[in-house]
Structure formats: C-alpha cells, structure tokens
Amino acid sequence: MKFTKKIAFASASLALTMATPAALLTQNAAFAKTTTVKQATKVKVTKKTTPFYHKDGSKFTKKKPYVYGSWKSTVAYKNTSYNVVKTVTIKGAKYYYIGNDAYLKTSDVKVTATKTVKSSSTSSAKKASTSSSKTTSKKTSSTSSSSKSSSKKTSSTSSSSTSKKTSSKKTVTQIQVTKKSTPFYHKDGSKFTKKSPYVYQGWKSTVAYKGTKYKVSKTITIKGSKYYYIGNSAYLKASAVKVIASK
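Sequence positions in the sequence shown follow mature numbering (1 follows the signal peptide of the UniProt record, and there is no 0) and run -32 to -1, 1 to 215.
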C-alpha cells in the first residue's frame, strides 16, 4: 500500500513538471501578440449641417455656441474638414474630438485621413498567469505581509510629499492673445505663410489678433519654447498670450 502511494505521488510530481514549460510558452505567446489598427486623423462633414457636441453628448446651443476665435456656431457645415485629436465613445455612440471641447458624431462625417498604430494585448497573458500566480502567492503572502507594515510608513510619507507637488500643477484650458498680432505656428515651429495660411471655416490668416480667445487642447514644447495647441494643426506661442482659464 505504501509503495502504491509513492508511485502515485511521483507520477503527480512528474505531471506538474511537464506542464510548466507549456504554461510558460502560452504566457510568452500572449505577451508577443500585437495588433495594428488605424486611427482617424482627419474627417469631413457629409451632411448639410451637423451639431457640435459636448463630452457628455449634449449639443451646443445658441446661448452657449461653439466658439473658435471670433467665429460662433452650433453646427458644422458640409464639406468642412477637421483634424481629429482622438476617438471616443459617448453613451454608446462613437465621436471624434476635434479640439476646443467640441466633438462630431462619426455618423455625420467621413474619414479622409488615418494613421496606423500598433497596440499590444496582455489580457490573455493575465488569464494564463493567474493560475500559476495563485500557487506562488500563498508562499510569498507571509513574507509580503511583514514588508507591508514597514512600507506603509515610507509610502505615506512619499505620497504626501508627491501629492503636494502634483496638486499644484494646473492644465491650461483657455488663452487670450495679448499682442497686437501673433503668428500661428506649425508643430515643427514654422509659421503659417500667405501661400499656406491658417484656415478655419473659410477664414484665412497667418496671425491671431489681440483680445481673441482660444480653447487649448494641450501644452507642448517646440525647440525649447512653450506653445499651446488650439486645434486644426495650429499652435500659439505662450509668450504671446495670457492664460485665462485652467483646471
């Protein structure tokens, strides 16, 4: 009877040893998987008019219209092109964010330009590693529990100091031109020209004028200088404007 138990135990140990390489191969294969997807970078309105939407899915109104520079409207017009910052889903529907807090519904436009990006998926790897991590976590739980008490002291101190630094940072959301006129810039730091001016809804110019307000999508550094991205491939230099809203 004792001999039979030993054989059974040895067989079980051998089965576990043989299964380990296969599990590792499964995890490695899952980590290696990458997918190539296309993201919209430019769209054109296909309907006669289409509403501008807020991030909550509500439409811009006449009392509070979409404002870009001195141009105000609640709708975008047919054949108008917009640069796409990102694609989002609002209440189950797909939208394109065009900057300045405005979104267009994908069903009202057509994609005219895209870019290819690579994305990796680790979801299957998590599933495969869960079963193996359960067995090892039991062994390490006793060790990690003792380290948790000591780490709490250091983590609470570091988190409080870092939170003070991060909490003071604010994101600029709106600016106003302070100079008589200031150039529109490309993302490489070059200025818009008369041959290729900045165009928005039929309005063309190489410069923005004093007192004009612009919504800011992001703040970047170009060749050592700070710029604000105002959408539609245009940037304004931070030294030529003042911040009037931030979050």
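Please keep in mind that the hints were generated in silico from the structure rather than gathered at the bench.
Please note: incorrect hints may appear among the correct ones.
Listed next, the in silico BS3-like pairs over lysine-lysine satisfying Cα-Cα at most 30 Å (straight line) [unchecked claim]:
{"#": "1", "residue 1": "Lys172", "residue 2": "Lys162"}
{"#": "2", "residue 1": "Lys62", "residue 2": "Lys16"}
{"#": "3", "residue 1": "Lys62", "residue 2": "Lys162"}
{"#": "4", "residue 1": "Lys138", "residue 2": "Lys12"}
{"#": "5", "residue 1": "Lys162", "residue 2": "Lys78"}
{"#": "6", "residue 1": "Lys147", "residue 2": "Lys215"}
On a predicted model such as this, the values are computed, not experimentally measured, just so you know.
Okay, the hints, checked on the actual structure:
1. For the given pair, Lys172 sits about 9 Å from Lys162 by alpha-carbon distance, which is consistent with the 30 Å threshold.
2. At roughly 20 Å between alpha-carbon atoms, Lys62 and Lys16 fall within 30 Å of each other, so this suggested pair holds.
3. Proximity of Lys62 to Lys162 is assessed by CA-CA distance (about 36 Å); at most 30 Å being required, the pair is judged violated.
4. Using a Cα cut-off of 30 Å, the hinted pair Lys138 and Lys12 is violated, with the two alpha carbons roughly 33 Å apart.
5. The suggested pairing of Lys162 with Lys78 holds, with an alpha-carbon distance near 29 Å, which does not exceed 30 Å.
6. Taking the CA atoms of Lys147 and Lys215, the gap is near 24 Å; set against the 30 Å cutoff, the hint holds.
Checked against the numbered hints listed earlier, the structure breaks hints 3 and 4; every other hint is satisfied.
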